[in-house]
Amino acid sequence: DAKTTQPTSMDCAEGRAANLPCNHSTISGNEYVYWYRQIHSQGPQYIIHGLKNNETNEMASLIITEDRKSSTLILPHATLRDTAVYYCIVRANTGGFKTIFGAGTRLFVKA
Amino acid sequence: SAVISQKPSRDICQRGTSLTIQCQVDSQVTMMFWYRQQPGQSLTLIATANQGSEATYESGFVIDKFPISRPNLTFSTLTVSNMSPEDSSIYLCSVSGGTEAFFGQGTRLTVV
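Protein chains in written order, with the working numbering: chain A, 1 to 111; chain B, 1001 to 1112.
No lab work stands behind these hints, which were simulated from the structure alone. Please read all numbers here as calculations on a predicted model, not as lab measurements. Cβ coordinates follow ideal geometry from the N, Cα and C atoms, glycine included. Treat the hints with caution; some may be incorrect.
The calculated DSS-like cross-link candidates involving lysine-lysine, where the alpha carbons are at most 30 angstroms apart (straight line), are [claimed, not checked]:
id, chain 1, residue 1, chain 2, residue 2
1, A, Lys69, A, Lys98
2, A, Lys3, A, Lys98
3, A, Lys69, A, Lys3
4, A, Lys110, B, Lys1007
5, B, Lys1007, B, Lys1065
6, B, Lys1007, A, Lys52
7, A, Lys52, A, Lys98
8, B, Lys1065, A, Lys52
9, A, Lys52, A, Lys3
Reference excerpt, derived from the structure (chain B facing chain A, CB under 8 angstroms, subset only) [as the list claims (entries may be wrong)]:
id, residue
10, Phe1033
11, Leu1043
12, Glu1086
13, Ser1094
14, Ser1096
15, Thr1099
16, Gln1105
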């Protein structure tokens, strides 16, 4: 079973920040939080990952709570092209790690 | 990063037939993964394929239905056998590279 809980869907206005929450209350000490997204008819795309510190890259920011039981993916200035399903995944980072997907959040960015 | 090519990108097949999907990676990787994505659903892991050994299947998937080959470190095939309309899905190949997973664009299969 997936180890994460996400809202089924969310809306965001174009140009505004999109904040996508994820609960992972059973995360283990060696598991990282990963975010992927899947734009319609494409394979999943890696966005960002983190262990316990907040992370930022050119695509997004990842905020992980101090107890690591939840996190938020932030798209700072959402565009129409960010409309996609966003998957929050917890996974160890060593060995032949499998990526197990939950249901994800369907983000609609509206003009 | 890794670039993954899948063939075919889509196909329409008759029930009772089999289809073999190819996955080619531009670098050597230890493990390759096959996923199924049914219409409107998330991705479900079918199996993990290591070079030189039998694939490891997830619960609900069996080798007779989804035989996998892994002849070298850059290539794998997944066969969907004795197809029925319920097998209509997108099938995706994935590899682990460093700390990320990379995915192909998928094979859209329709069984009629």
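Check: For the pair supplied as a hint, B:Lys1007 and B:Lys1065, is the alpha-carbon distance within the 30 angstroms limit?
Finding: holds (19 angstroms)
Checklist line | Restraint outcome when B:Phe1033 is required to lie within 8 angstroms of chain A by C-beta distance | finding: With Cβ-Cβ at 7 angstroms, under 8 angstroms, it holds.
Next item on the list: Measure nothing beyond the straight line between the CA atoms of A:Lys69 and A:Lys3; if it is 30 angstroms or shorter, mark the hint as holding.
Entry: holds (11 angstroms)
Note to self: B:Ser1094 was flagged as interface toward chain A. Is the shortest Cβ-Cβ separation under 8 angstroms?
What the structure shows: Holds - the Cβ of B:Ser1094 comes within 8 angstroms of chain A, reaching about 7 angstroms at its closest.
Checklist line | Pairwise hint evaluation, A:Lys3 against A:Lys52, where the allowed Cα distance is 30 angstroms at most | finding: holds (17 angstroms)
Note to self: Quick check on B:Glu1086 please, does its C-beta sit within 8 angstroms of some C-beta on chain A?
What the structure shows: Violated, because the Cβ-Cβ distance from B:Glu1086 to chain A comes to roughly 20 angstroms (cut-off 8 angstroms).
Next item on the list: Sort out whether A:Lys98 lies within 30 angstroms of A:Lys3, counting only the CA atoms.
Entry: holds (13 angstroms)
Margin query: B:Lys1007 and A:Lys52 were given as a pair; does the straight-line alpha-carbon distance stay at or below 30 angstroms?
Written below: Answer violated: B:Lys1007 to A:Lys52 is near 39 angstroms, above 30 angstroms.
Next item on the list: Starting from A:Lys69, check that the Cα of A:Lys98 is at most 30 angstroms away, please.
Entry: With a Cα-Cα distance of about 21 angstroms, the restraint between A:Lys69 and A:Lys98 holds, given a limit of 30 angstroms.
Item checked: Restraint check, 8 angstroms cut-off on beta carbons, for B:Leu1043 near chain A -> holds (4 angstroms)
Next item on the list: Verify the interface restraint on B:Ser1096: the C-beta must sit less than 8 angstroms from at least one C-beta of chain A.
Entry: This hint holds: B:Ser1096 lies near chain A, its Cβ roughly 6 angstroms from the closest one there, short of 8 angstroms.
Checklist line | Hint consistency between B:Lys1065 and A:Lys52 [alpha-carbon to alpha-carbon, up to 30 angstroms] | finding: violated (41 angstroms)
The structure is inconsistent with the numbered hints 4, 6, 8, 12, although it conforms to all the rest.
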